[in-house]
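J.: Going by our numbering, the residue at position 33 of the sequence shown is 34; the numbering climbs one at a time, nothing skipped.
No wet-lab data here; the hints were simulated from the structure. Backbone N, C-alpha and C define an ideal beta-carbon position, used for all residues, glycine too. It is possible that some hints are incorrect.
Unchecked claim - Simulated DEER-style distance windows between Cβ atoms: (1) LEU162 / ALA85: 30 to 38 Å; (2) LEU255 / GLU219: 49 to 57 Å; (3) PHE99 / LYS210: 26 to 34 Å; (4) ALA112 / ARG223: 51 to 59 Å; (5) PHE160 / TYR259: 42 to 50 Å; (6) GLU220 / LEU91: 22 to 30 Å; (7) THR120 / LEU166: 34 to 42 Å.
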Amino acid sequence: MNWNRSILKVLSRLRESDLKDVGRGRSERAGILNGMKKGGGAERSGLPVVCLLSALLLILLCALSRNAVFTVTVLAGLLARAAALPIRQLKRVMETLFLPCILTMILMLPAVFLGNPRTMLTVTMKVADAVLALSLMGTAVSFQRLTEAFRQLYFPELFVLVLDLTIRYLVILGHYSGALLEAVTMRSVGTVNWKHSGAGGILGTTFLKSQQMAQQTEEAMRLRGFDGAYPALNRSRFGLRDVLILSADVLALLFFVYTQMRITAV
Numbered sequence: 002m003n004w005n006r007s008i009l010k011v012l013s014r015l016r017e018s019d020l021k022d023v024g025r026g027r028s029e030r031a032g033i034l035n036g037m038k039k040g041g042g043a044e045r046s047g048l049p050v051v052c053l054l055s056a057l058l059l060i061l062l063c064a065l066s067r068n069a070v071f072t073v074t075v076l077a078g079l080l081a082r083a084a085a086l087p088i089r090q091l092k093r094v095m096e097t098l099f100l101p102c103i104l105t106m107i108l109m110l111p112a113v114f115l116g117n118p119r120t121m122l123t124v125t126m127k128v129a130d131a132v133l134a135l136s137l138m139g140t141a142v143s144f145q146r147l148t149e150a151f152r153q154l155y156f157p158e159l160f161v162l163v164l165d166l167t168i169r170y171l172v173i174l175g176h177y178s179g180a181l182l183e184a185v186t187m188r189s190v191g192t193v194n195w196k197h198s199g200a201g202g203i204l205g206t207t208f209l210k211s212q213q214m215a216q217q218t219e220e221a222m223r224l225r226g227f228d229g230a231y232p233a234l235n236r237s238r239f240g241l242r243d244v245l246i247l248s249a250d251v252l253a254l255l256f257f258v259y260t261q262m263r264i265t266a267v
């Protein structure tokens with residue numbers, strides 16, 4: 002077993018995911034800076050809280066639905082929305098969708114032998130709806146704006162702070178472990194057995210680095226007078242995109258009620 006296939010790949014893949022979003026992050030930062038220069042300080046791309054609530058509403062409705070027509074309709078709508086994405090984002094969404102659906106089908110396979118194949122199909126489609134809704138939200142809302150959405154929903158500041166710092170430092174540790182992994186790979190000759198590859202040393206170095214970064218972050222926060230407040234810096238505006246999302250949510254809710262009433266009538 003080659004050590005290049007070890008658990009180090011988990012952290013190094015964060016680096017790859019982060020680099021794919023560099024272009025989008027730069028454009029968002031440029032938009033924020035332009036808004037601040039104009040005196041507005043607000044993004045006109047819509048409210049992130051609307052995208053978050055819309056995704057959660059679709060997941061909840063699909064979970065509660067007892068009519069396959071609603072689940073299939075939502076899945077078709079989400080797939081149509083995904084088809085309009087650029088090819089790179091579409092590829093990432095489909096890659097995210099593949100593994101959860103396969104695992105769900107494997108876990109629900111006994112239902113087929115027990116005479117309930119519809120159960121496997123229904124649960125798989127609901128999982129696909131949830132994963133697609135979250136993936137599409139991720140393509141429309143960056144992590145920085147998602148933090149703003151949590152603050153607008155009055156989540157505890159401690160929760161938002163821990164979530165923000167955790168994700169940010171996971172990405173930083175992904176860069177660090179990826180650099181260590183690349184350095185050791187370039188200095189290795191031939192096939193190295195995982196028992197003698199030094200993978201434990203790399204993981205230990207990454208762990209020590211994380212402790213050092215935690216101490217430095219705590220000291221920096223104290224020196225800057227951090228008092229526990231975690232305000233949302235970006236003040237987004239309610240725009241046409243939010244109106245379209247809310248309209249689609251209302252239609253989905255009405256269609257959900259209609260399909261449930263049809264089951265009751267039958």
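J.: Each hint needs a verdict: does it hold in this structure or not?
T.: Each hint tested on the structure:
At about 35 Å, the CB distance of LEU162 to ALA85 agrees with the hint of 30 to 38 Å. In this structure, LEU255 and GLU219 meet the distance hint of 49 to 57 Å, their C-beta atoms being roughly 50 Å apart. Range check, PHE99 to LYS210: about 33 Å between beta-carbon atoms, so the 26 to 34 Å window is met. At about 55 Å, the beta-carbon gap between ALA112 and ARG223 stays in the expected band of 51 to 59 Å.
Distance hint check: the CB atoms of PHE160 and TYR259 are about 37 Å apart, inconsistent with the given range 42 to 50 Å. Between GLU220 and LEU91 the C-beta distance comes to about 44 Å, which lies outside the given range of 22 to 30 Å. For the pair THR120 and LEU166, the supplied restraint of 34 to 42 Å holds, since their beta-carbon distance comes to about 41 Å.
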